[in-house]
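J.: Next come the chains, spelled out residue by residue.
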Amino acid sequence: KAGVTQTPRYLIKTRGQQVTLSCSPISGHRSVSWYQQTPGQGLQFLFEYFSETQRNKGNFPGRFSGRQFSNSRSEMNVSTLELGDSALYLCASRHGTSSYEQYFGPGTRLTVT
Amino acid sequence: TQLLEQSPQFLSIQEGENLTVYCNSSSVFSSLQWYRQEPGEGPVLLVTVVTGGEVKKLKRLTFQFGDARKDSSLHITAAQPGDTGLYLCAGPKLVGGYQKVTFGIGTKLQVIP
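Protein chains in written order, with our numbering: chain X, 24 to 136; chain G, 590 to 702.
Isolated chain G (complex conformation) (with noise of 0.2 angstroms):
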């Protein structure tokens, strides 16, 4: 079992479409990242966000952060070929006295021309 969970796994859909994809978790998490992942490459890392109910946006691309901390989202307006990629998220939790990063499984998005 995921600590996070990422849906959907799959996502494709045509150029110029609006899209939501959601990082959901039971546990409360002091901040969660979001990453983008192209084929054959290391995530790379797009946002952080720390406060319940905070948005921040990067262009097309806005991110949520849940009021309870437990959950997120990613909106993507007007999705363009250049967004496809691996989207994934990722937040710190305390294991043996020590922060460790876990990450969701991701949600796989392709943008059809």
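Next comes chain X alone, as it looks inside the complex (with noise of 0.2 angstroms):
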């Protein structure tokens, strides 16, 4: 069974600009999570969507916001980037919401100049 996938791994841009990542969780997973790593702060998780809804959301501004496709896959959007924005970007999938193991993505390295 294929892990869970993410694009693209790297990415630089500009602050002011917005920004793309996208998730595709394990085969029967329907629940997406989203995570920023960075060194200071360790995971902080975004949001979790399952079955195309987002059930929970964590302590971050508008400009971050994600959604769900009917097959699973998710996309978060950053909007007017800001330097405090790069870290990596992990995506984790699991297969219901009973069990808490989660299958992380290798993650999107964003670095805003």
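These are calculated hints, taken from the structure and not from any lab test.
Take these hints with a grain of salt, some might be off.
Under the rule of at most 20 angstroms between Cα atoms (straight-line distance), these lysine to aspartate or glutamate pairs were calculated in the DMTMM-like manner [as the list claims (entries may be wrong)]: (1) Lys697(G) with Glu606(G); (2) Lys646(G) with Glu124(X); (3) Lys659(G) with Glu124(X); (4) Lys689(G) with Glu124(X); (5) Lys646(G) with Asp660(G); (6) Lys648(G) with Asp672(G); (7) Lys689(G) with Glu75(X); (8) Lys36(X) with Glu98(X); (9) Lys682(G) with Glu124(X); (10) Lys697(G) with Glu627(G); (11) Lys697(G) with Glu594(G); (12) Lys648(G) with Glu604(G); (13) Lys645(G) with Asp672(G); (14) Lys80(X) with Glu124(X); (15) Lys646(G) with Asp672(G); (16) Lys645(G) with Glu124(X); (17) Lys648(G) with Glu627(G); (18) Lys645(G) with Asp660(G).
Note that the structure is predicted; figures quoted are calculated from it, not measured.
With the hints in hand, could you dock these two chains into one complex?
T.: Structural data, given as structure tokens:
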């Protein structure tokens, strides 16, 4: 079974631009969560989607948004990029909502200049 | 303040040594997960502990869940360079009516050959 895939793996953007990251979960997994990882803050939860509905949201500004499609693939969007948005963005999938074991993709390394 | 406190944050040891890392909280968790993350990759699930006092072994790694389900430890016997990585503990907490997975900041382990 293929693992979680994320595209692109690396991205360089300029302040003020917007970016869209993509995540394909493990086949059969309906829950997708997004995290931001920085050296100082660790993994910070952004949001979780299940069956195309946002179930939970972390403490991030409205510039961060996401969505999930009927095939469980998910995208997250960051508008008006700031230097502080530079981070590793991780996507994780799990089969349902009763198990908390998550399977992570390799991440997208976003650098904002 | 992190809901899950991990210590130490950094650990550098020689190959063959034993080590223990800790994951502590003032809150009770229904389960805790341990992950290992290598540079440039996403975290990989190692184990889930569910029952207070539970001990699980994964080759040279021993995981223990505290009796009160507020803390956990990971012990590595005869560490090898391949054990190098960031060790993260994580657990679900009820937030806004939904279970949200929260992560500790991690223990960065370096095993020197």
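J.: Tell me, which hint numbers fail for this structure?
T.: none
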